[in-house]
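Each chain is listed here by its residues.
Number of protein chains: 4
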Amino acid sequence: MPHTARPAQKSFEPRNPDWEATVRGSFARQTVMTLIGAEMGALAPGHCEIRLPFRADLTQQNGYFHAGITATIVDSAGGYSGLTLMPAGSDVLTVEFKLNLLAPADGDYLVAEGQVLKTGRNLVISRGEVYAIRNGHATHCATMQQTLMTMHAKKEK
Amino acid sequence: MPHTARPAQKSFEPRNPDWEATVRGSFARQTVMTLIGAEMGALAPGHCEIRLPFRADLTQQNGYFHAGITATIVDSAGGYSGLTLMPAGSDVLTVEFKLNLLAPADGDYLVAEGQVLKTGRNLVISRGEVYAIRNGHATHCATMQQTLMTMHAKKEK
Amino acid sequence: MPHTARPAQKSFEPRNPDWEATVRGSFARQTVMTLIGAEMGALAPGHCEIRLPFRADLTQQNGYFHAGITATIVDSAGGYSGLTLMPAGSDVLTVEFKLNLLAPADGDYLVAEGQVLKTGRNLVISRGEVYAIRNGHATHCATMQQTLMTMHAKKEK
Amino acid sequence: MPHTARPAQKSFEPRNPDWEATVRGSFARQTVMTLIGAEMGALAPGHCEIRLPFRADLTQQNGYFHAGITATIVDSAGGYSGLTLMPAGSDVLTVEFKLNLLAPADGDYLVAEGQVLKTGRNLVISRGEVYAIRNGHATHCATMQQTLMTMHAKKEK
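Read top to bottom, the protein sequences are chains Z, U, B and X. Mapped onto our numbering, the consecutive letters of the first sequence carry residue numbers 1 to 157. Mapped onto our numbering, the consecutive letters of the second sequence carry residue numbers 1 to 157. Mapped onto our numbering, the consecutive letters of the third sequence carry residue numbers 1 to 157. Mapped onto our numbering, the consecutive letters of the fourth sequence carry residue numbers 1 to 157.
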């Protein structure tokens, strides 16, 4: 095995011309994002970032961001990375995700990045990474693997 | 294979005589639980329940509890089921969890149950179930598998 | 919270009158089961067991069953627990699974049990347990959470 | 959020001067690798590749590599990526892994790559990718997230 096998890099073509408005509109309806103070950042086909400033009311027993809060933003980042590629009129549903916590989520803010790995007719597989930023230095604090389902609009079923 | 093999049912002996005060004290320091309105319920060696009443500011785009909020309470329920069995002075850390969402988390309140499956010197494996309760009827809406680490007190290392 | 919320116990109705022949026929075409010496055991709607006698050529570096072999039988047990409930003519595909290894898979044989938790139109969620049996004593050595997809027959799409 | 936060790229320093002989020796004792015909390929600190040629006795009901066989090689690739970084005299144990199947494992051979994400005193977190190669073209067919435990040698405990 002289060198590592690699697939061609995928680029993703959105099927919904209004993908960005669709995703930002859906995010705005996630009331929990307002509660915790999360903001949507960069958005591209197959990619989504969510940023969350530190607040003392988002923590676990040692004063770090609670793992469930980390999960909240990375689940949405992964889900919306998928929604960028779904047909107009459809919605996204998380089937499952698995989150490894690599380091304490201790920082001035967190950045969660969702990235689509694979799209199918009904299922989308994505990955998420979470970084804790302190004084401009990023610590990789969590990594996620996620399965999403496309909820097709009634008319196109 | 005439019948199903079954291991003897495990019962768990706490090693920390103050396990209940330890767990309830730690829960009280998880500020995010106050933010979302979660309450600790039944607690027993190897078992922990957390209850979360519905609020309109805890939802995703369709008005159900956000998967991250479901994750927040079941991660803590699983983690505290483990802490009931850890030595005095130690703390619990989530290494990873995997959550399958079985049905929309749509109810008057959620109940998350954490249950220890296996304890080792450093690691504890637990399971979590989440039920959405509407008019007294429970829907099983999520199931979790989780790995926890015991953070031993300095003195006993 | 005076007592634990519990959903009504589910019983599963097969939609394929030939579910047992379908499942046993599919298992017989999994050539890897013959290679490793696995046998299908008890089968019921939503439930499947697979048994694997110890062989010295199935091990990892310490002489226990390799985790991948444990995964092989529990993935099939979970998958076939799902196939018992799928429509005639459809096939089952594993979307993903997560396996926690609880104890060394050290025994005279392994028994893997798959059990459906939830069925939907396209997806089935199941759980798996693996026991290592030594002199009639069972050790719970692995637990799995799994997502399956129904591959519908062409005609019913 | 003008640009994506990224941690510095990690490079891994092995603590065992004989890491390569240790890993290749351990692989040689995994009898199941001989049974299925798997070979260890490239090895570097924090990285391990395993290659598996197609054989008709490694398949599921449709003639593709069985998901458990995919799991077998990627679990070992991930585990050995971790063992390259563990102290002399220690052994590696898989705590858990989660595998998403992205495409049928249909090819002339499979290549599984394990890569360490994070090392700690007792735990190592790794990722695995599996590619199916057909006529030199690689299809990304599975992705894994894994938690490993270092089994320290008795003397250094």
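Rather than coming from a laboratory, the hints here were simulated on the basis of the structure. Since this is a predicted model, take the numbers as computed values, not measurements. Glycine is no exception: its CB is placed at the ideal position from the N, C-alpha and C atoms. Possibly wrong hints are sitting among the right ones.
Only pairs whose alpha carbons sit at most 30 Å apart, straight line, appear in this in silico BS3-like list of lysine-lysine [claimed, not checked]:
no., chain 1, residue 1, chain 2, residue 2
1, B, 154, B, 118
2, X, 118, Z, 118
3, B, 118, Z, 118
4, U, 118, X, 154
5, U, 154, X, 118
6, U, 118, U, 154
7, Z, 118, Z, 154
8, Z, 154, B, 118
9, X, 118, X, 154
10, X, 154, U, 154
11, B, 154, Z, 118
12, X, 118, U, 118
13, Z, 154, B, 154
14, B, 118, U, 118
Going by beta-carbon spacing under 8 Å, a handful of chain Z positions derived as facing chain B [claimed, not checked]:
no., residue
15, 61
16, 90
17, 91
18, 95
19, 98
20, 123
Label pairs and their calculated CB-CB ranges [to be verified]:
no., chain 1, residue 1, chain 2, residue 2, range
21, U, 31, B, 12, 41 to 49 Å
22, X, 154, B, 63, 29 to 37 Å
23, X, 152, B, 55, 29 to 37 Å
24, Z, 151, B, 18, 30 to 38 Å
25, B, 53, X, 88, 52 to 60 Å
26, B, 153, Z, 88, 25 to 33 Å
27, U, 108, Z, 88, 29 to 37 Å
28, B, 136, U, 121, 25 to 33 Å
These are the hints, each one checked on the structure:
1. B:154 <-> B:118: holds, 24 Å
2. X:118 <-> Z:118: holds, 25 Å
3. B:118 <-> Z:118: Holds. Residue 118 of chain B to residue 118 of chain Z sits at ~24 Å (cutoff 30 Å).
4. U:118 <-> X:154: Measuring from Cα to Cα gives roughly 23 Å; hence the hint holds.
5. U:154 <-> X:118: holds, 23 Å
6. U:118 <-> U:154: Between residue 118 of chain U and residue 154 of chain U the Cα gap is close to 24 Å, so the pair holds against 30 Å.
7. Z:118 <-> Z:154: holds, 24 Å
8. Z:154 <-> B:118: The hint holds at about 23 Å.
9. X:118 <-> X:154: With a Cα-Cα distance of about 24 Å, the restraint between residue 118 of chain X and residue 154 of chain X holds, given a limit of 30 Å.
10. X:154 <-> U:154: OK: residue 154 of chain X and residue 154 of chain U at ~21 Å, within 30 Å.
11. B:154 <-> Z:118: Within the cut-off at roughly 23 Å; holds.
12. X:118 <-> U:118: Holds, at about 24 Å.
13. Z:154 <-> B:154: Holds. Residue 154 of chain Z to residue 154 of chain B sits at ~21 Å (cutoff 30 Å).
14. B:118 <-> U:118: holds, 25 Å
15. 61: violated, 22 Å
16. 90: violated, 14 Å
17. 91: violated, 15 Å
18. 95: For residue 95 of chain Z, the interface hint holds, since the closest Cβ of chain B sits about 6 Å away, which is under 8 Å.
19. 98: With Cβ-Cβ at 6 Å, under 8 Å, it holds.
20. 123: holds, 6 Å
21. U:31 <-> B:12: 41 to 49 Å: Cβ of residue 31 of chain U to Cβ of residue 12 of chain B: about 43 Å, so the range 41 to 49 Å holds.
22. X:154 <-> B:63: 29 to 37 Å: At 18 Å between Cβs, range violated.
23. X:152 <-> B:55: 29 to 37 Å: holds, 30 Å
24. Z:151 <-> B:18: 30 to 38 Å: At roughly 32 Å between Cβ atoms, residue 18 of chain B and residue 151 of chain Z fall inside 30 to 38 Å, so the hint holds.
25. B:53 <-> X:88: 52 to 60 Å: violated, 36 Å
26. B:153 <-> Z:88: 25 to 33 Å: Once the Cβ atoms are compared, 29 Å apart, the range 25 to 33 Å for residue 88 of chain Z and residue 153 of chain B holds.
27. U:108 <-> Z:88: 29 to 37 Å: Holds, since residue 108 of chain U and residue 88 of chain Z (Cβ atoms, about 34 Å apart) stay within the stated range.
28. B:136 <-> U:121: 25 to 33 Å: holds, 28 Å
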